[in-house]
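> Below, each chain spelled out in residue letters.
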Amino acid sequence: MSGSLIVLIIIVAIVGWAVLAYNGLVSLRNQVQDAWRQIDVQLRRRHDLIPNLVEAVKGYMQFERDTLTQVVEARAKAISAPDQTSRIAAENQLTAGLGRLLAVFENYPQLKSDQNVLKLQEELTTTENQIAYSRQAYNDSVMQLNTRIESFPTNLIAGNFGFKQADYFQGAPEDQAVPKVDLAMGAPTAPQAPTTPPRA
Amino acid sequence: MAAARADFWELERRNRRETALLVAVFIALLSVLGFGLDFRFGDMAIVDGRLVGFPILTLIALGFAIFQSLLSYYCGASLVLASVRARELTPDTPAHQMVLDVVREMTLAARMPVPKAYLMDDPSPNAFTTGRDPQHSVVCVTQGLVDTMDREEMQGVLGHEMAHVRDYDIRTMMMIAVLVAGVAMLADFVFRSTWYTGGIGAGGGRSRDRDDNDNSGNAGAVIAILVFVLAVLAPFFAQLLAMAVSRQREYLADASSVEFTRNPRALLRALERIAQTKSPLRNASRGTAHMFIVNPLQGAREDDEGFFANLFSTHPPLGRRIERLRALLNEPGAAPAPSAGAPGARG
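Note that the protein sequences, when read in sequence, are chains W and V. Residue numbering for the first sequence follows the numbering used here, beginning at 1 and increasing consecutively. Residue numbering for the second sequence follows the numbering used here, beginning at 201 and increasing consecutively.
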């Protein structure tokens, strides 16, 4: 084989690799963005659930008016938050308030007989879990993208085509901790862990 | 966090490597048998030190095997569901609603489309999944599973099932089935050809001129014997390999389940509970056994009963699976401390 043919083959191979590598990076970056939007989807689902839940339990839980008010207020703040930071803070407050609410469910046995309330409780539980898992999925996507950007040989072209490493989702510690019954919510119990769901 | 992640990620990597190795051995086995067959009875030969001829018999065997599996690839899911008499899972009870919710939670963690959920009317706790890719997948649980598992355990089990879908295990096992069928067919060819050409010592390449064919004479006899022996042993080894791959994928699905839930306790508790309450599944057969989370054909006795029993099992022994999960649990930072601090604590 002549020398120029070999050179041609090498060039074609390199270009081919570059195309594949670029497309791979595009795909991973889009996954990261999609995962970020998915978190938002779950948070909004939660916003929609709360009015029904509060309505359903209000009659039974006269003594928890404070908790209920906190939940309603946190939701309002989250919906109307002007920027990312205040949105995140409001969502964290909402998680905490809902955790307290779910925790004191145990004190109201009448609630267990109300099918509506049970249904809403399940919806709330699954929503909290879905929020946690969507965050986890986002972080996993970020890890995949960052790893690809850092690894050889993709790192050779990543910078040139403007692929930047993405940031991990770092919620506030109290947001990630499973809200406990005893309300001593000081130390975070688990970094980056999805809420371990209650027994059904 | 980093240490725990390294652990199940590492488990997954190892499993994938070992699967690839097993498949390579499989393909090698098939090729050796196929070419041996083509040498002995077909067109292939070594002439003047070069390989000539067309491995027609190997390709025919592979062709049939592929055709069989394409059939099951496209029609498989509905056939399987019909054979176990499954019906669609609807949220008619709170427990069923919980299962549907957990399925959705696991698909989020797995970053996959939501599979259709089905229910089997069987008191034995088990689950399986089928479908050629994540877009066309189906997960099926037994009523027994719904009745015995709490939410955490259900997450572990469904995480394991989703892992099978995400890792294309159904497709992998189908490929393996192709290879097993191919080996069986080739072995069959060898036996028939040996019969029709009058025994191991006689006969040789069919369409080549005898004088040109290096297969005549002593070399031919040796090859003939080797091919025959290989044909006897190969199906046995093929089955062994297939089971080894199946077990490897089960371990992988366990590790992936932990990847999704980030909670080794979930699957651990589920498997421990299954180990206690296991009884044979009514509607499972040997054809469908490999898809279930736990081997459905065995009763409640412990199934790590010895080296040879395990070699032919589609699933690793429950005890070993539980051990591996326990090892993950003891890693620093592996799992959040169980939130059930107070009895009936809500999270």
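Careful: at least some of the hints might be erroneous.
Over the 10 angstroms line for every Cβ pair with chain V, so calculated as not near, a few chain W residues [said to hold, decoys possible]:
#1 Ala35
#2 Asn52
#3 Arg87
#4 Thr126
#5 Tyr133
Some chain W residues judged to face chain V by a derived CB distance under 10 angstroms, without partners named [said to hold, decoys possible]:
#6 Asp83
#7 Thr85
#8 Leu118
#9 Gln130
It is worth saying that the hints were derived from the structure and are not from the lab. Cβ atoms here follow ideal geometry from the backbone N, Cα and C, with glycine treated the same way.
> Would you mind marking each hint as holding or not holding in the structure?
Okay, the hints, checked on the actual structure:
{"no.": "1", "hint": "Ala35", "result": "violated, 7 angstroms"}
{"no.": "2", "hint": "Asn52", "result": "holds, 16 angstroms"}
{"no.": "3", "hint": "Arg87", "result": "holds, 20 angstroms"}
{"no.": "4", "hint": "Thr126", "result": "violated, 4 angstroms"}
{"no.": "5", "hint": "Tyr133", "result": "violated, 4 angstroms"}
{"no.": "6", "hint": "Asp83", "result": "violated, 26 angstroms"}
{"no.": "7", "hint": "Thr85", "result": "violated, 24 angstroms"}
{"no.": "8", "hint": "Leu118", "result": "holds, 6 angstroms"}
{"no.": "9", "hint": "Gln130", "result": "holds, 6 angstroms"}
The structure does not agree with the numbered hints 1, 4, 5, 6 and 7 stated previously, though it agrees with the rest.
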